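*Asks:* One-letter residues, chain by chain:
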Amino acid sequence: MPTGFDAEKVRADFPVLQQFVNGKPLVYLDNGATSQKPQAVIDEIVRYYTTENANVHRGVHTLSQQATDDYEGARAKLRRLLNAADDQEIIYTRGTTEGINLVAHSYGRPNIGPGDEIIISNMEHHSNIVPWQMLCEEKGAVLRVIPIDDTGELLMDEYEAMLNPRTKLVSITHVSNALGTIQPVEQIIEMAHAHGAPVLLDGAQAVPHLPVDVRQLDCDFYVFSGHKLFGPTGTGVLYGKAELLDAMPPMYGGGEMIKSVTFEKTIYNDLPYKFEAGTPNIAGAIGLGAAVDYVQSVGYQAFGPYEDELLEYGTKALSSIGGLRIIGTSPRKTGILSFVIDNIHPHDIGTILDAEGIAVRTGHHCAQPVMQRFQIPATARASLAMYNTKADIDALVRGIDRVIEVFS
Amino acid sequence: MPGLSDLYQEILLEHNSKPRNFRRVENPSRTAEGYNPLCGDQITVYLKMSGDIIDDVAFQGVGCAISRASASMMTQSIKGKKLSEANQIFDAFHLMVTDPISEPDYDTLGDLETLSGINEYPTRIKCAILAWHTLRSALNDQGKKVTTE
Ligand SMILES: Cc1ncc(COP(=O)(O)O)c(C=O)c1O
Numbered sequence: 001m002p003t004g005f006d007a008e009k010v011r012a013d014f015p016v017l018q019q020f021v022n023g024k025p026l027v028y029l030d031n032g033a034t035s036q037k038p039q040a041v042i043d044e045i046v047r048y049y050t051t052e053n054a055n056v057h058r059g060v061h062t063l064s065q066q067a068t069d070d071y072e073g074a075r076a077k078l079r080r081l082l083n084a085a086d087d088q089e090i091i092y093t094r095g096t097t098e099g100i101n102l103v104a105h106s107y108g109r110p111n112i113g114p115g116d117e118i119i120i121s122n123m124e125h126h127s128n129i130v131p132w133q134m135l136c137e138e139k140g141a142v143l144r145v146i147p148i149d150d151t152g153e154l155l156m157d158e159y160e161a162m163l164n165p166r167t168k169l170v171s172i173t174h175v176s177n178a179l180g181t182i183q184p185v186e187q188i189i190e191m192a193h194a195h196g197a198p199v200l201l202d203g204a205q206a207v208p209h210l211p212v213d214v215r216q217l218d219c220d221f222y223v224f225s226g227h228k229l230f231g232p233t234g235t236g237v238l239y240g241k242a243e244l245l246d247a248m249p250p251m252y253g254g255g256e257m258i259k260s261v262t263f264e265k266t267i268y269n270d271l272p273y274k275f276e277a278g279t280p281n282i283a284g285a286i287g288l289g290a291a292v293d294y295v296q297s298v299g300y301q302a303f304g305p306y307e308d309e310l311l312e313y314g315t316k317a318l319s320s321i322g323g324l325r326i327i328g329t330s331p332r333k334t335g336i337l338s339f340v341i342d343n344i345h346p347h348d349i350g351t352i353l354d355a356e357g358i359a360v361r362t363g364h365h366c367a368q369p370v371m372q373r374f375q376i377p378a379t380a381r382a383s384l385a386m387y388n389t390k391a392d393i394d395a396l397v398r399g400i401d402r403v404i405e406v407f408s
Numbered sequence: 001m002p003g004l005s006d007l008y009q010e011i012l013l014e015h016n017s018k019p020r021n022f023r024r025v026e027n028p029s030r031t032a033e034g035y036n037p038l039c040g041d042q043i044t045v046y047l048k049m050s051g052d053i054i055d056d057v058a059f060q061g062v063g064c065a066i067s068r069a070s071a072s073m074m075t076q077s078i079k080g081k082k083l084s085e086a087n088q089i090f091d092a093f094h095l096m097v098t099d100p101i102s103e104p105d106y107d108t109l110g111d112l113e114t115l116s117g118i119n120e121y122p123t124r125i126k127c128a129i130l131a132w133h134t135l136r137s138a139l140n141d142q143g144k145k146v147t148t149e
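Order-wise, the sequence lines are chains A and B. Position one of the first sequence corresponds to residue 1 (the working numbering), numbered consecutively onward. Position one of the second sequence corresponds to residue 1 (the working numbering), numbered consecutively onward.
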């Protein structure tokens, strides 16, 4: 059923999309890697640097006050986006990767010891694998991995069987970047909590598509990247429950994160500043705030069903191509169409599509264990955003026909 | 951008679908493994030397059309050659794919010239060159895993 969503109107807000690449209109289907930025975000960053640039939390002068207000105003927008209880639970980061590393360092190191267990899944991005491997190595803890089935869904029975009193943390992707599967996060969290284990959700691929309510989910940590949510690169958020964040030592020492320093003793600042040492990415944070405004003005309730329709359309269209196999076929998916074609390597698919002006990602998508699970070296991945259209999918299908023709 | 047909030429596609010397070598005198962490391409090159002559050379692994065809043509071009000649071919090939300005050494390169279009596709140069770096590692018997990064 058509949703009546006006994607063309949204598309018009994104200057990058209005260009030709290799002589063809750009068809941007690499939103899982990074999304494009609407004019409103670009303008806000220009406005900040043009009229307001100053350091935050430092000066008594007017510009510093304005910059601080906007920087903190963006934090409040992010708090509302996630429905967190308090602004102090929103920590600015450089992105998902830094958020996970911060939790591994500041929550993991004090709380996880020899023989303790951390649970992740078989469909994590490397950024939700490697920090835990490093922690396990250091502490003598054990990393346990929830297996997945052939459609790309978690085996929840195996997860249940894995939970035990030694489980100290569960860290799971909300939406898989390689497969598009939406995880049953409510259930995952409930089960972990029943065993006293906190849960971190990697929301990098979720926030651009799904409304997230951290209080309703009752998750303990939630991380995402601003650049995948139509915001600037080098921005992101770590949400943590205040009582957990309060008890955690800082990761970086420096300015901003202290209340007072003497050579005998340093008193750390309150949340969230304890975790924000040094001059932050002020323009980035303010730009991210503008991205949140933009997303909310379009509205999850409007673009969500539209994206579902687009995914269904794309799934049908790609499935009808002979020799093409979609990787990740759970009925609970968003945004991602990963595929392989018989006897044609994804890299070659990517190059030929690029010549047609179509941008997709090819490779292992920083998720090599998923590729190993499906016994493939790589996939080609089309990833959607709210500005994509059925015409983009049609162009992709024509592009794939061309790939097959070149190799026939 | 040049036409795709410059890149995916008939001869390249043919080497991709029927790669030459795509097998193991029994009792190889030297082997080396190569890996491109960006795309997961992986190759093993086997050499059988008698003195400084390359008696046999073969490869196995997974990769895109460009890396397979490049590896396949490489084995053809160096089989039966002296070590010094193989190194010369390596240098000519390396220059051709990485330097769009220099005139390729057609005499040394032979069929390998087919891959000259690759220097217009910076993202794919590593695909073409993986087998060659792996070969060089085997030739010099460094025996450590080669990566393109
Ligand atoms: C699921 C998932 N987690 C983590 C990341 C890492 O995000 P970033 O590179 O922005 O830190 C990504 C992005 O590629 C992702 O898709």
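Misleading hints may appear alongside valid ones.
[What the hints assert, rightly or not] Residues from chain A shown here face chain B by an in silico Cβ test under 8 Å; the list is partial:
#1 Ser-297
#2 Ile-352
#3 Met-371
#4 Phe-374
#5 Gln-375
#6 Glu-405
#7 Val-406
Worth flagging that the hints you see were computed from the coordinates, not collected in a lab. Since we're looking at a predicted model, the values are computed, not measured. We put the beta carbon where it would ideally sit given N, CA and C, even for glycine.
*Asks:* Taking the hints in turn, state whether each one holds.
*Replies:* Going through the hints against the structure:
no.: 1; hint: Ser-297; in the structure: violated, 36 Å
no.: 2; hint: Ile-352; in the structure: holds, 6 Å
no.: 3; hint: Met-371; in the structure: holds, 7 Å
no.: 4; hint: Phe-374; in the structure: violated, 12 Å
no.: 5; hint: Gln-375; in the structure: violated, 11 Å
no.: 6; hint: Glu-405; in the structure: violated, 10 Å
no.: 7; hint: Val-406; in the structure: holds, 5 Å
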